[in-house]
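Asker: The two chains are supplied separately, each in an independent frame; assemble them into the complex guided by the hints.
Residue numbers (this note's numbering), protein chains in the order written: chain W, 1 to 112; chain H, 1 to 113.
Hints in this document: simulated from the structure, not taken from any laboratory.
Take the hints with a grain of salt, since some may be wrong.
[What the hints assert, rightly or not] Selected chain W positions facing chain H (in silico; Cβ < 8 Å): (1) G43; (2) A99; (3) L100.
We treat Cβ as the ideally placed atom computed from N, Cα and C, and that holds for glycine.
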Amino acid sequence: KQEVTQIPAALSVPEGENLVLNCSFTDSAIYNLQWFRQDPGKGLTSLLLIQSSQREQTSGRLNASLDKSSGRSTLYIAASQPGDSATYLCAVINQAGTALIFGKGTTLSVSS
Amino acid sequence: NAGVTQTPKFRVLKTGQSMTLLCAQDMNHEYMYWYRQDPGMGLRLIHYSVGEGTTAKGEVPDGYNVSRLKKQNFLLGLESAAPSQTSVYFCASSRGLAKETQYFGPGTRLLVL
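So that you can see chain H by itself, here it is in the shape it has in the complex (with noise of 0.2 Å):
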């Protein structure tokens, strides 16, 4: 049982390159969340899915794409990095909404030259 792992943890991109991270779960959850974390900004929410096909905006979705082709991963995309794309982005599961635990992989630390 692996949780929730992440694809990969670093990378470096120059500014206007395109990327995607992946996220995959072996819980069966149902929904899956993107979050950055910058210094001095803490924990913010990308995007979010509630089930296999669905995405949502959460916070901070400007410069993201998101996908949720299988049940079991999460797809972020940056379609043209910039540098204030750099961060660290993490990916969480959860079994439902507001009364469950969220579980958080290890996250992809992005930077953007």
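One chain only, chain W, in its complex shape (with noise of 0.2 Å):
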């Protein structure tokens, strides 16, 4: 049964500071993963999509790396804000391809 770790659970940083946040996968036979965004009390925001046979994507100040082979991937927020503060969801498509399975997220928290 696929399983997604994220680590760490919290995190707070200064403004302007980069930052990783790391999710790991059981299970390497995945079709792609995906980082999102949840701000409290609403829904998600997709951030990123990796497909399989990428190794990474880039969009702004946002960077995820997929390491199939040893089950990671990691999300870089360069130059971090206040406005990035939310919880940060990482999750991959399950074996039959129907769904998605999701860690419980790292919540960041940037101080100005």
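Answerer: Below, the structure written as structure tokens:
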């Protein structure tokens, strides 16, 4: 059974700092991996999607990498801002290709 | 273009009552999903649909039923609500299966007393 783990569960950093969020998964037979952002009391917003054949994806200050063989992904946030404060969720497509398996998230707080 | 919308936003039920959560999408997506999010458990898939008239069970389907009579709508029903069904429910949709981004609605917060 696929399991997704995110470390750390919470992270506090000062504004301007570069940071890395980690995601690991137990079964390397994934179709893709997605990173989402969730603001308190809100739905999920897709940030980046990495296909299984890709190594990384970039969007603005965000860069996500994928290493299928080791079952790891990282989300790099450059020059963090208070507006980046949110919970970041990692998810992989299950073997049947029908749904996402989510990690429990990393809650990020960026102080000004 | 509203994306994915959910009705209602918040509801309080008594144990044993029934209700239906409505999800609507205007992106002409084939695939739709219902998840629940609980503290310490993350999001878990309840049911999903790969097209109009189809439904399938996810990870935690017990106590729920779904219907997809129209492509744009996906309904989640609770026939006899239990306190264990207190949760935040999210609907999502996607154009395809494995290679497509899933788009999420804003959620429905359900409290069962």
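Asker: Hint numbers the structure violates, sorted upward?
Answerer: Nothing - there is no hint that the structure violates, so all of them hold.
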